[in-house]
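Engineer: Listed below, chain by chain, are the residues.
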Amino acid sequence: MSEPLVLNEYRYFDSDPSIRKIAYELYGDVKDLPIVSPHGHVDPTLFAHNKPFPDPTELILIPDHYVFRMLYSQGIPMESIGVPVVDGTKVETDHRKIWQIFAENFYLFNGTPSGAWLNHEFSIVFGIKEKLNGQNAQQIYDQIQQQLETPAFRPRALFEKFNIEVLTTTDGTEDSLQHHQTIRGSGWKGRVIPCFRPDAVVNMMHASWNQKVAELGEASGTEIDSFRTYIRALEGRREFFKQMGAVSTDQAALTPYTHELSANEAEEIFQRALKHKASAQDAMLFTAHMFMEMARMSIEDGLVMQIHPGSFRNHNQHVYQKFGADKGCDIPVQTEYTNNLYELLNKYGNDRRLKLIVFTLDETSYARELAPLAGHYPAMKLGPAWWFNDSIEGMMRYRLQVTETAGIYNTVGFNDDTRAFPSIPARHDVSRRIDSNFLAYLVARHVIDLGEARRMSKALAYDLVKDAYNL
Amino acid sequence: MSEPLVLNEYRYFDSDPSIRKIAYELYGDVKDLPIVSPHGHVDPTLFAHNKPFPDPTELILIPDHYVFRMLYSQGIPMESIGVPVVDGTKVETDHRKIWQIFAENFYLFNGTPSGAWLNHEFSIVFGIKEKLNGQNAQQIYDQIQQQLETPAFRPRALFEKFNIEVLTTTDGTEDSLQHHQTIRGSGWKGRVIPCFRPDAVVNMMHASWNQKVAELGEASGTEIDSFRTYIRALEGRREFFKQMGAVSTDQAALTPYTHELSANEAEEIFQRALKHKASAQDAMLFTAHMFMEMARMSIEDGLVMQIHPGSFRNHNQHVYQKFGADKGCDIPVQTEYTNNLYELLNKYGNDRRLKLIVFTLDETSYARELAPLAGHYPAMKLGPAWWFNDSIEGMMRYRLQVTETAGIYNTVGFNDDTRAFPSIPARHDVSRRIDSNFLAYLVARHVIDLGEARRMSKALAYDLVKDAYNL
Amino acid sequence: MSEPLVLNEYRYFDSDPSIRKIAYELYGDVKDLPIVSPHGHVDPTLFAHNKPFPDPTELILIPDHYVFRMLYSQGIPMESIGVPVVDGTKVETDHRKIWQIFAENFYLFNGTPSGAWLNHEFSIVFGIKEKLNGQNAQQIYDQIQQQLETPAFRPRALFEKFNIEVLTTTDGTEDSLQHHQTIRGSGWKGRVIPCFRPDAVVNMMHASWNQKVAELGEASGTEIDSFRTYIRALEGRREFFKQMGAVSTDQAALTPYTHELSANEAEEIFQRALKHKASAQDAMLFTAHMFMEMARMSIEDGLVMQIHPGSFRNHNQHVYQKFGADKGCDIPVQTEYTNNLYELLNKYGNDRRLKLIVFTLDETSYARELAPLAGHYPAMKLGPAWWFNDSIEGMMRYRLQVTETAGIYNTVGFNDDTRAFPSIPARHDVSRRIDSNFLAYLVARHVIDLGEARRMSKALAYDLVKDAYNL
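Residue numbers (my numbering), protein chains in the order written: chain U, 52 to 522; chain D, 52 to 522; chain C, 52 to 522.
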């Protein structure tokens, strides 16, 4: 049973002809604009080494927890699809066998964004003409494999083919950024820049906090024996990241609670943590305080500040202990912003030097809290629909719930936030389609006119992200 | 003023012609599939005795709190519409008079699912040709009454006419299931099966807990004087329910908090409860522990486990004390799943022998918590839109918010959850229409193609429910 | 660059032709019905003095925090657009210069309800033919200014032109209502009535509570030295408001928590507050108790009771201290109703003499809590989409989430809730368009028929509000 894989040119647009026609026209204006990817998790080694991708399974399935979590949810063991085990126990290594399982279960992705992205990738990046299924699995594996061996499918060539203007990675504070150095020194013109992510040295509850703080000290040439030296080390590393091209920082936490500690309080908590004696309460307060510190530093050094709260990381301890982090078991929790951001916004939210971009996994906060906050405070902007909400319906809900209160000019364009490099064009394409569709919906209802929609469309696809991230 | 009652064949489908056409086609494939009703509250006595339904008011209005709560909200006293009073005080007994009140206020149901179901019932089950109103009330009463007196309108005949493949009732742990026995012994082929519902012996805050535990002991032939004997009694009754055809259990609680107590803790709480000394905290912990115990038992005996949390029961104490439970004043509360289900999912969620079906009255949890959980844990599936959300818009919101993250294959088809037997075909018909419309919407936007939609449509209407409930 | 300002006659209706046609027809029935505005913040002085509005900036921009908060969010200082500073420091006084800034940034309102209202006001009230922008700013200023100087644009003339049947203001308990007296004594027939708002004498945490209580005492001719005299003073003032035409009260609070204190508890808290010693806990309990007292009084005197909870007032302390209250930095918080309204509804919710209209800024409560409560308790009705949700999408979401459970007859029509007098026709027009569109959507899907829609349309635009507010 073979079914053609055809990407309809009107896909994801409203089926109402008047909306569809306008959406298609608006999309036509922006579809070929360069891709600006200001937040993501692609490994910079790809572009430093520029080695061929090994095979389809290694490229598409094994690193992408969006994909293998769905297989796991249907009872397929992760070992059987090659997800590596922390203790090094052998898992399935026959990548053709894994691909077969993936293909036989590919119908599970019907109606999901992963399905949309994968089909885009298959069709547009690899020129596959049939829908993946159990019958054609090996043949499609071959087709992809052959292309991966050609120069045109090496990372840098794809980067250029994808028309990426800038790609931001995510990097720990202690990172030497050697791969970024290699890229910059290579003569290749692709712009790949780091983002400063201090989570590992902020979250005291993490088992490796002390080690990470030691690594931060080493990287910054400072002995970190006090909160003051710790802050100085962070400031130094931010400066280094800036020199390496960084324009932003990013922080994740269970909640976006912000609170300023006194110098003494911060120091006492920090000393307890150095002695492995920090409590959960200490850790929570320290995280809250570090949001304040990072905002202060951003005002001083001009790095854009991002906050990604609301994920209960590694909810499935069995999976976490066996397979490690980022294995599809980070689950959102309800997230409160109005009270939690109060201190930060009251201290820094009126300061136009700060750019604070706030994300959420809790859609209930869009219209109720985030749009009113972003629609008032000069420093605050709203990040795009994130993670589970980075989807056709999720992005439409985002625009419908945010725009009326915050307008589009307090939002910041699209983030793909992906570690799946070859899915980047697909993700930006979906985003541009949905934003075009949203604007077309407004035009067709005579909320805005076509001229306004054209200017807004360009802003959503390109201008806002460049402006928000100082790119 | 008489208005024709005509059910448009395209009802509830999107008015956009391209969606409507596809929806109608998909619906055509599934509309005549047998009805599988795996969760509900129809009284098994109906099929054991197979007596005629007494009259329209007794059939349609008095037992259905979905209906009389709306009349009550507009100031119509419950006594005046025949809702029985606990202490036996006389209420209105003139069923024609009650029917007249109902008819005069029937416009209140415009735009509600009760309105849609009732009109389906009137038109398709009873062949009524006019919309019910004050003028034609008595005439329509007569029309229904005459039919109820014929053999074709007896419960078993309707069961067959409705094309019900299996109907699940809800039964207390102490229930002798004698009506189920009668049905099985009668030679009638209709499949009516029980569901094991232990709420009355779990919730220690309920006034009749001790009595219900005693009844459980009696039913199981065990003297329950310890947590251990209590558990053994439950295990025995589950076994008996299984022998009587049960495939599932069900538990309701204010929150889905799960927590395992030590054997000692459980025993101490149980002993306090036996002495009428359990605190609210005890009751909460006991409920949390019993979710863990029930999951363990399900792994052992294979019964599917259902959880229905988030209803503040009997919110209106005046109504509860006067009229009893299930009188339209159970009100949803916000419900948290990510933290509450943590212990249960961590202990049993990776075990493929468990099937845990989780419901919600809090739509905000669909995209944020439930779809990510069901889209990861092999044991967990998501129940359909429940109660107030079992409606045209509610079901559409469910699919739009769940599918992108969980797909359709981590959901379990439709539950009618009704005590209104003659409304069952109407409820399944609305569900099949909305699912068809949802899939047509995806096809019209080129998210899936028509072949995929056909397979998914069949799954949503029939395959998933049979598989999820082992039917 | 000049673009025509044309309000399409089908604006805000669904673009699907079948819905649009029905919506237009339904809207045609109700568009010219008189405006009933039962809740708002227009200054009664306007109608007492009937002076010309000074200029466009003073009329449209400076008093409207919906408008200037958006400019502020984009980094435009409030001083530069003439928002007065509390301490009297000079702010920008050149109203043409302010208007220029407003015009240059008018694109920020694309896709927002403020944009829709302003364009309606420009086009229909002032006959402006071009979209406001930097180029035509001064010319449009002139056009508006010239009209404001004519008799036809004085407040009373506009009130009549707008076809306002009744306009409710919001007034403190101590208010002499002298402007209302002046209006009533003037011979002018416009019906402008007060609403009794006790917030300033309820919220003990407010710095001016003691002063406001003293003013209440003075206004009522009572020395308030006890909770009992305080209550008596309130009762007296309610009676005075009633004599002055009031039909309703209104209370705001962070949460809708209701709780009855014993007479002693209430007295003790009140005495502490008189001595400036009330704690935050005292204030919270007092507010909860005052909801109970106000409900009791409403049953006695027949005033409709309104509750507006869930706004974190003056979230931006910098703005609050510099510019005062109502400056666009009141931010919604999540709001719980099922538990919080429990005591009030249990004591008074079954009493048909009470009309309790509940509002929310938290849309998640519509389907989950408010519609089930309003769909059961005879005393409770649901207020319309409020504030940030009083928008095209917000109103549509409201109807879609509320109607299936509460029907339309447990809702109360539209509130404009505005202090921007000339925007009143625009706001009611948007509301009538969206309600028409919602009903047309139901008709086009064959959920209701056109005859039902016509009756419901009239109810939503006119009948329900008159009935709910006893007008």
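Careful, some of the hints might be misleading.
Note that identical chains are pooled: a pair holds if it fits in a single copy or bridges any two copies.
Said to hold, decoys possible - Cross-link-like lysine-lysine pairs, in silico, DSSO-like; alpha carbons within 27 Å at most: (1) K72 x K509; (2) K240 x K509; (3) K378 x K398; (4) K509 x K141; (5) K263 x K326; (6) K141 x K240; (7) K398 x K263; (8) K517 x K212; (9) K509 x K148; (10) K373 x K517; (11) K373 x K180; (12) K102 x K141; (13) K72 x K82; (14) K398 x K141; (15) K378 x K263; (16) K373 x K398.
No lab work stands behind these hints: they were computed from the structure. In this text the structure is predicted, and so the values were computed from the model without any measurement.
Engineer: If a hint holds in the structure, say so; if it does not, say that too.
Structural biologist: Here's how the hints hold up against the structure:
1. K72 x K509: Classified as within: same-chain Cα gap 17 Å, cross-chain 32 Å, threshold 27 Å.
2. K240 x K509: The answer is within: 25 Å in one copy meets 27 Å, while 52 Å across copies does not.
3. K378 x K398: Between copies only: 18 Å across, 37 Å inside.
4. K509 x K141: Classified as neither; 49 Å inside a copy, 39 Å across copies.
5. K263 x K326: For K263 and K326, the Cα distance is within 27 Å only inside one copy (14 Å; across copies 54 Å).
6. K141 x K240: Result: close neither inside a copy nor across copies, 40 Å intra and 53 Å inter.
7. K398 x K263: neither (29 Å within a copy, 31 Å between copies)
8. K517 x K212: Classified as within; 20 Å inside a copy, 48 Å across copies.
9. K509 x K148: Neither, since 44 Å and 29 Å both go past 27 Å.
10. K373 x K517: neither (40 Å within a copy, 33 Å between copies)
11. K373 x K180: Neither: 38 Å inside a copy, 64 Å across copies.
12. K102 x K141: Answer is within; shortest intra-copy Cα gap is 25 Å, inter-copy 65 Å.
13. K72 x K82: Within. Shortest intra-copy distance 15 Å satisfies the 27 Å Cα cut-off; inter-copy 30 Å does not.
14. K398 x K141: between (52 Å within a copy, 25 Å between copies)
15. K378 x K263: Close inside one copy (22 Å), not across copies (45 Å); limit 27 Å.
16. K373 x K398: between (43 Å within a copy, 15 Å between copies)
In terms of the numbered hints stated before, the structure departs from hints 4, 6, 7, 9, 10, 11, listed from lowest to highest.
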